[in-house]
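Assemble the whole structure, with the sequences as input and the hints as a guide.
Quick mapping for you: the protein sequence lines, in order, are chains A and B.
Everything in the first sequence is counted per the numbering used here, starting at 267 for the first residue and increasing by one.
Everything in the second sequence is counted per the numbering used here, starting at 18 for the first residue and increasing by one.
Be aware that one or more of the hints could be misleading.
[As the list claims (entries may be wrong)] Simulated pairs of lysine-lysine, PhoX-like, Cα-Cα distance not exceeding 25 Å:
{"hint": "1", "chain 1": "A", "residue 1": "K390", "chain 2": "A", "residue 2": "K561"}
{"hint": "2", "chain 1": "A", "residue 1": "K621", "chain 2": "B", "residue 2": "K120"}
{"hint": "3", "chain 1": "B", "residue 1": "K55", "chain 2": "A", "residue 2": "K622"}
{"hint": "4", "chain 1": "A", "residue 1": "K712", "chain 2": "A", "residue 2": "K622"}
[What the hints assert, rightly or not] Computed beta-carbon distance windows for the label pairs:
{"hint": "5", "chain 1": "B", "residue 1": "G140", "chain 2": "A", "residue 2": "Q615", "range": "32 to 40 Å"}
{"hint": "6", "chain 1": "A", "residue 1": "T726", "chain 2": "B", "residue 2": "A111", "range": "51 to 59 Å"}
{"hint": "7", "chain 1": "B", "residue 1": "R248", "chain 2": "A", "residue 2": "K563", "range": "46 to 54 Å"}
{"hint": "8", "chain 1": "A", "residue 1": "M754", "chain 2": "B", "residue 2": "E211", "range": "55 to 63 Å"}
{"hint": "9", "chain 1": "B", "residue 1": "I68", "chain 2": "A", "residue 2": "E646", "range": "41 to 49 Å"}
{"hint": "10", "chain 1": "A", "residue 1": "L720", "chain 2": "B", "residue 2": "I68", "range": "14 to 22 Å"}
The hints are simulated quantities; they were obtained by calculation from the structure and are not laboratory data.
Model, not experiment: these values are computed from the prediction.
The beta carbon of each residue, even a glycine, is placed where N, CA and C say it ideally should be.
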Amino acid sequence: MARTGSAISGLFVMLAAASAAALTNQEPEFHMTSDRTKVGTEDTFHVDILVGNAPDGASIALPAGNDFEVLSRSESTQMSYSVGNGGAGVIKQLRRYTLTLRANRPGALTIPPAVLKTKDKSYKTEQLTIEVVSGRTREDRPRPRNPLGFPPGFGHLNDPFEDDDVVPDEGVAVPHGDSDLFLRAAVDKSEVFVGEQVMLSLTIYSRVDLASVDTVTMPKFEGFWTQDIQSPAQLSPEQKVIEGVPYRAYVLRQKAMFPMKAGESQIEAAEADINTGFLFAGRRVHRKSNPLKLKVKPLPGTGAVQNVGHWRLSVEATQTEVMLGDPIQLKVTLEGRGNLQNVQVPALQVPAGLKKFDPQTTDKPTVARNGQVGGTRTVEYVMVPQQTGTFVIPGLVLQYFDPESKHFEESTTQNITVTVRPGAGGATSMPSNGQPSSATADGPIKNQLVAGGLRQLRATARFEPQGPALWSRGFFLPLAVAPLALSMMLLGFGLVRGAVSKTSPEAMKRAQAKAARKRLAAAEKLLGSASTPAFYEEVERALRSFLEAKLNVPVTGLTREALDAVMATATVPASERARVLAVFERCDLGRYAPGMGEASARNRTLDDAAAAMEAWP
Amino acid sequence: MIALLLAVLLAQDAPAPRYTEAEAQSLFNEASEAYSRKDFATAQAKYEQLIKAGMGGPAVLFNLGTTHLGANQLGPAVLYLERAYAQSHDEDIAANLAVARQKQGDQVVGADTAEPFLQRLAGAMNVQVVALAFLLTWYLGFLLAFLAWRRPASRWWFAIAASIFLLVGSLLGAAVGVHAYVARTVIEAVVIPETVKVREFPGERARVAFEVHAGLKIRVMEETGRYVRIRLPNALEGWTEKEGLVEL
Chain A
267 MARTGSAISG
277 LFVMLAAASA
287 AALTNQEPEF
297 HMTSDRTKVG
307 TEDTFHVDIL
317 VGNAPDGASI
327 ALPAGNDFEV
337 LSRSESTQMS
347 YSVGNGGAGV
357 IKQLRRYTLT
367 LRANRPGALT
377 IPPAVLKTKD
387 KSYKTEQLTI
397 EVVSGRTRED
407 RPRPRNPLGF
417 PPGFGHLNDP
427 FEDDDVVPDE
437 GVAVPHGDSD
447 LFLRAAVDKS
457 EVFVGEQVML
467 SLTIYSRVDL
477 ASVDTVTMPK
487 FEGFWTQDIQ
497 SPAQLSPEQK
507 VIEGVPYRAY
517 VLRQKAMFPM
527 KAGESQIEAA
537 EADINTGFLF
547 AGRRVHRKSN
557 PLKLKVKPLP
567 GTGAVQNVGH
577 WRLSVEATQT
587 EVMLGDPIQL
597 KVTLEGRGNL
607 QNVQVPALQV
617 PAGLKKFDPQ
627 TTDKPTVARN
637 GQVGGTRTVE
647 YVMVPQQTGT
657 FVIPGLVLQY
667 FDPESKHFEE
677 STTQNITVTV
687 RPGAGGATSM
697 PSNGQPSSAT
707 ADGPIKNQLV
717 AGGLRQLRAT
727 ARFEPQGPAL
737 WSRGFFLPLA
747 VAPLALSMML
757 LGFGLVRGAV
767 SKTSPEAMKR
777 AQAKAARKRL
787 AAAEKLLGSA
797 STPAFYEEVE
807 RALRSFLEAK
817 LNVPVTGLTR
827 EALDAVMATA
837 TVPASERARV
847 LAVFERCDLG
857 RYAPGMGEAS
867 ARNRTLDDAA
877 AAMEAWP
Chain B
18 MIALLLAVLL
28 AQDAPAPRYT
38 EAEAQSLFNE
48 ASEAYSRKDF
58 ATAQAKYEQL
68 IKAGMGGPAV
78 LFNLGTTHLG
88 ANQLGPAVLY
98 LERAYAQSHD
108 EDIAANLAVA
118 RQKQGDQVVG
128 ADTAEPFLQR
138 LAGAMNVQVV
148 ALAFLLTWYL
158 GFLLAFLAWR
168 RPASRWWFAI
178 AASIFLLVGS
188 LLGAAVGVHA
198 YVARTVIEAV
208 VIPETVKVRE
218 FPGERARVAF
228 EVHAGLKIRV
238 MEETGRYVRI
248 RLPNALEGWT
258 EKEGLVEL
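Structure, rendered in structure tokens:
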């Protein structure tokens, strides 16, 4: 903007000079006004004292008192020229004193009148009553008007007195008592998400000459990760107007802060020792900034994603077709805005056929012109194929919360397909420096087939209905006991039957026949022997033993007649007696007569003997 | 004839399958494909469908346990792999079970690694096969004894054969008895949740003595209300809510 203020002022001066003679001796005008009637103890307000046509040598006493602190004072003079009815010019001089005040206490406070003294008279303005409350009564104030601003109708012109370099700073509260030099801390956001950047600025506001700053004690930033953005060795001022009062602002520190946990965070006051003035006129003052409060909101969702900022992920492989054993370098790059130290780059999942070595991570933090922290993280992987084939390295997915869009975003990379071919070259092992060697000490690298991990799933199955164990079924026990019980029953049945059958005639007959056969068993063995007499003697012996058993008398040595008499005495039927005697006859005959040695003769004798024994009554 | 009778009896006791063989194989294949895509939840759901339909078996249980292991769900992984191993002492099942136990978070200090003899015997046998073998040898033994009685001419041969079969049958019967005894008296379970509190007494106010974690196999000693008394392999005992355990 072009500076036009001095030219316009010059115009008024020329008009005043031309009409100096027309200046008349008039009664002075003397008023005091305020732009506010109700203020807060934290507010500033303006009091204008207007003096018109003040006589030469007049002096003014501006209002004073303990209830208000005068933050600034300015003075301006305005002259106007007008032509009266008689054609004579009239020059009017108007002097304006502007005070910027702030109340020291609440209540209905009175601004005492200003006093204008001339040689022979004293003038007083009316006193002003201001209602003062604690704190602030309003947030926004209109920009201070230029006391020498353009009159109505000239609004389209730029204000010649407006300074472009002076920045109004309405967010800064001027402290009581230290209004000339104070330290202020400010953050660019009052509400942030966990992990979102917030900028803290520590600024010295001064209306006095600043020599140096000795020590700066920053607060402990508990619950924050911080990074210095600006810590100037040489302080450079910037003009700022706070509530109408011009200040020189020196940025002392700037820090990027990243809250690590949700909740209300309190940032304690910073302190600084400041030297003002020059040489022997200088003095050292200690100033303390204001504490700050910051509301830290948790990230939406389940909390699984912790990365905050705006990030972009990319993956680049040096080569995708290699010989077995040749190394592959793969670079994962993460770049963007946010806390680089806290961001988690997803780990690369490498197929089993590629041997992955520990990656090397390089961080390159950056700070943008607007103070936004960010940077680039590079993770370099080295992989050595252990097997031939085609391997797919799955793409990476980075999820992050973008505080600007307030949404979760995702940055993904594509899959990388690596083809490994068999070959004689390649590294055999990783040396200690971590870089693969291309030397082959033990001959060509082999395709390594390594087992491990979980066993593979079954591809086929027998879908048998799974019932309870066989032994737990109801039928099992009866089935197991059944043969044992059946055997016992058979045995018992046999015993009973045997006991019953012993008393029946048939059974007795059978038993007798059995006994006879038993007695004749020795004779049976001699059936085929060469000695005929021996056979017949054995048959005779068996029959005699049978008779002795039945008759209970010895029969050996008895004649045929005597034997017959014994049997008759025992009431043996005649037919049986004859049969027995016939067998004895055959035995006698068999020992001496020829032809009795034939098998048929022997069998007949044996059968006759058996029949005689079986038929015994 | 005995085998036929057994088959009929077994078929009567078994749950009726809801799928045909082809349908079951298709479901099985879908589950395996889901596993290969690392879609463990889908794979588990399909294997469980087969088990609920009464069409489980060592292979289905092994796959289901391995799927849980792949999803890092140790509790169900150990449960199904143990069940599979109980049905088939397969090398693969044992290998994956070993992997699951390696991942398990508890170290039972001073545990006697060897189980009691009867438990080992019961665990080592395929009880279905042993029970079937017992019935066959037992019946054959008695049949041969009968023949020895009725055929005096070959009595000795039959008697010797009958003695051998009856002896073998008796041993097999004893093994079945051991299995039945262990099954009735030794109740084992697996911890399913990530962490289970074990208290000194059954009750919410009782002091927590220690914690056990998913996949630990424990023995259930007794039950009262919603609490069971558990015993670890090193004889450490305590009470815990039975909801956290699943019986093998």
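Outcome of the hint check:
1. A:K390 with A:K561: violated (52 Å)
2. A:K621 with B:K120: The hint holds at about 23 Å.
3. B:K55 with A:K622: Holds: K55 (chain B) and K622 (chain A) sit about 22 Å apart, inside 25 Å.
4. A:K712 with A:K622: With a Cα-Cα distance of about 17 Å, the restraint between K712 (chain A) and K622 (chain A) holds, given a limit of 25 Å.
5. B:G140 with A:Q615: 32 to 40 Å: holds (39 Å)
6. A:T726 with B:A111: 51 to 59 Å: Violated - the Cβ-Cβ distance for T726 (chain A) and A111 (chain B), about 20 Å, lies outside 51 to 59 Å.
7. B:R248 with A:K563: 46 to 54 Å: Roughly 50 Å apart at Cβ, these two residues keep to the hinted range, so it holds.
8. A:M754 with B:E211: 55 to 63 Å: Holds - the Cβ-Cβ distance for M754 (chain A) and E211 (chain B), about 59 Å, lies within 55 to 63 Å.
9. B:I68 with A:E646: 41 to 49 Å: holds (48 Å)
10. A:L720 with B:I68: 14 to 22 Å: holds (20 Å)
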